[in-house]
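Participant: Going down the list, the sequences are from chains A and B.
In this text, residue positions in the first sequence follow the working numbering: the first is 394, and each later residue adds one.
In this text, residue positions in the second sequence follow the working numbering: the first is 394, and each later residue adds one.
Each hint can be trusted.
Identical chains share a label here; the pair holds if one copy fits it or two copies do between them.
Straight line, CA to CA, 35 Å or less: simulated DSBU-like cross-link-like pairs of lysine-lysine:
#1 Lys557 with Lys446
#2 Lys446 with Lys667
#3 Lys667 with Lys695
#4 Lys446 with Lys591
#5 Lys695 with Lys424
#6 Lys457 with Lys446
#7 Lys636 with Lys667
Because the hints were derived from the structure by calculation, they are not lab data.
Protein chains: 2
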Amino acid sequence: MLTRRDWIIGSSALALASAGGALAQEAPRTKQFVIDCHGHYTTEPSELGVYRKAQIEALSDPAKSPPPSSLKISDDQLRDSVQIQLRLQRERGTDVTIFSPRAAGMSHHSGTAETSRDWTLVCNELIHRICGLFPQNFIGVGQLPQSPGVRPDNCLAEMERCVKSYGFVGFNLNPDPSGGYWRDPPLTDRWWYPVYEKLVELDVPAMVHVSASVNPNFHGTGAHYIAADTTAFMQFVTSDLFKDFPTLRMIIGHGGGAVPFHWGRYRGLAQDMKRPPLEELLHNVYFDTCVYHQAGIDLLLKIIPADNILFGSEMVGAVRGIDPMTGHSYDDTKRMIDAAGLSEEDRRKIFETNARKVYRLDRVAALNSAGRQ
Amino acid sequence: MLTRRDWIIGSSALALASAGGALAQEAPRTKQFVIDCHGHYTTEPSELGVYRKAQIEALSDPAKSPPPSSLKISDDQLRDSVQIQLRLQRERGTDVTIFSPRAAGMSHHSGTAETSRDWTLVCNELIHRICGLFPQNFIGVGQLPQSPGVRPDNCLAEMERCVKSYGFVGFNLNPDPSGGYWRDPPLTDRWWYPVYEKLVELDVPAMVHVSASVNPNFHGTGAHYIAADTTAFMQFVTSDLFKDFPTLRMIIGHGGGAVPFHWGRYRGLAQDMKRPPLEELLHNVYFDTCVYHQAGIDLLLKIIPADNILFGSEMVGAVRGIDPMTGHSYDDTKRMIDAAGLSEEDRRKIFETNARKVYRLDRVAALNSAGRQ
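With the rest of the complex left out, here is chain A (with noise of 0.2 Å):
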């Protein structure tokens, strides 16, 4: 198994080899070094349910809602919930995943903001640890203590404190606490600015990532994610918010939500309105290729930049089986792009390049590494 180390050398090698032109591509081919922007940590022990649930039945009485340190989960149990991850890893051929708390389970709406406070608490420190027993196949991003109609002030020091103390390399930001209802101001509006101003100052992305829906129009994973992620591109593109924070970066799941799909009407939508053109938000928004069959992705590598393109897959999430077409799972989108045809460069990029510089992974590689001795 490659060290961290082992890999930021061999991505000096390839950026060499990138160098070297003609060349280089001469060169015997080296694998290529593949990280998954987008890993949730859906296979938690079940102490960490007995928890949620515990504070969920104190709303009404909160002085009975369990301490953080309540929790009790063993390093073994840790290492025991993630064999799965490392084992579809290794058969995919993925060397590293960014990783972060269940998306749905964090529940914004749920409770009030101490609720988010604590549990979010509980579960960043969770994937710290699981980054520290697997610094080589992990690499951490944070989930906010977000509350519908909270200003998100509130979620600056445990932004501080996941970069600086535990490493983390970005954070899921919700759209829509209140889970379904789209209550709080559009990512766009000043109210999200504090959270802004902090992402740029730790020089960190978000990934857009809404949560469970308790709206029962909107399925979770079928329909609030997906909607979610074109209403956050739509409300980029009626906006100066990068503008106004140039080094901004944000990440869009699901391979955009349906942006690639509706490229021409979002083009078209810019150009009546005025707007920039698309490729100027390029500068600042990327997406991921959660996308679970080969036309959708070569739809997606097709119309978006290999530059604003990061591999993911949302292993082990959404969508669990196998697709009876083509005997793989429907999550297994590296054997997608593997079969788009790309050339060596948009793959390196894809699987590699473009995460290292999102994430700026390779000085926090740095960080973790001398914090890990």
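Starting from the known structure of chain A, arrange chain B on it as the hints suggest.
Facilitator: Just chain B, lined up with the frame of chain A:
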């Protein structure tokens, strides 16, 4: 210009040609008759806006609400107002448009059920008059007097009236009368069953189509429309609606939102949830072609069977500009379908025969013809 009678005859000839197999394919190619299933009346005379403004201003004092009969628009005004549609039909080679009131204009969130009733009477009557003035060019589809929180039983009389008196062939059904807050039950809830019973009884389909968004999170045509289409499909995936209404036909506009792009996700989710395969939904669910770039159209045509795709352009609608990459209108979707390399059989289905089947056009055309002699 073809008369309605001509195109009924044309259709029979085509059916015969189709039955003729190889021999028919060698016959000289006739111009394909083209039915656009998705056009809204977006070029209304300004008097309509004045009426609506007065109606909204009277919400605090309903006694001041202008009666529908107070709106005066002459036939000449109506003729003038649709010249742009007629010109675009000629230029693009569309023969007839299935035509409904401006979708964003339905604004069911404004006022009460009485507000929506009056407004719907006015809007549907204008569509009826236009269809009467240009029977070869427009076939009517109605809006419904929906109102948030009001049981949709209040729509039944208008449905009956529109089909039986106006010869309308379908309705736009708004899955979110609250305008972006999604407070009514999902489309699969029994709340909506009276509407489905009436649709089945009248043997007309509904197009799932939200109206304007008053939620600042959702841009109307860029986010709310596309998100709602995606949401409705997932509601269908998770329900037995079409077991209860096996002959009910629903069209999801805008290419089905994100659905074809994420077809693998939907197949996988259905499989994980032990729901029937998506193909079963395709007995009842159809998609239009309002996707504004070639790669999107190509994906739609590749993923969704030709039997389930109805040509649509949403002209004059959400996107009105010229795409500088092609030199043609973004919403000139006919051109993209022409460029997609379809077989003659699939072209015929998408441009004509599916719409005839889904909207029962031959029956209704005869009714209209009888009613308008």
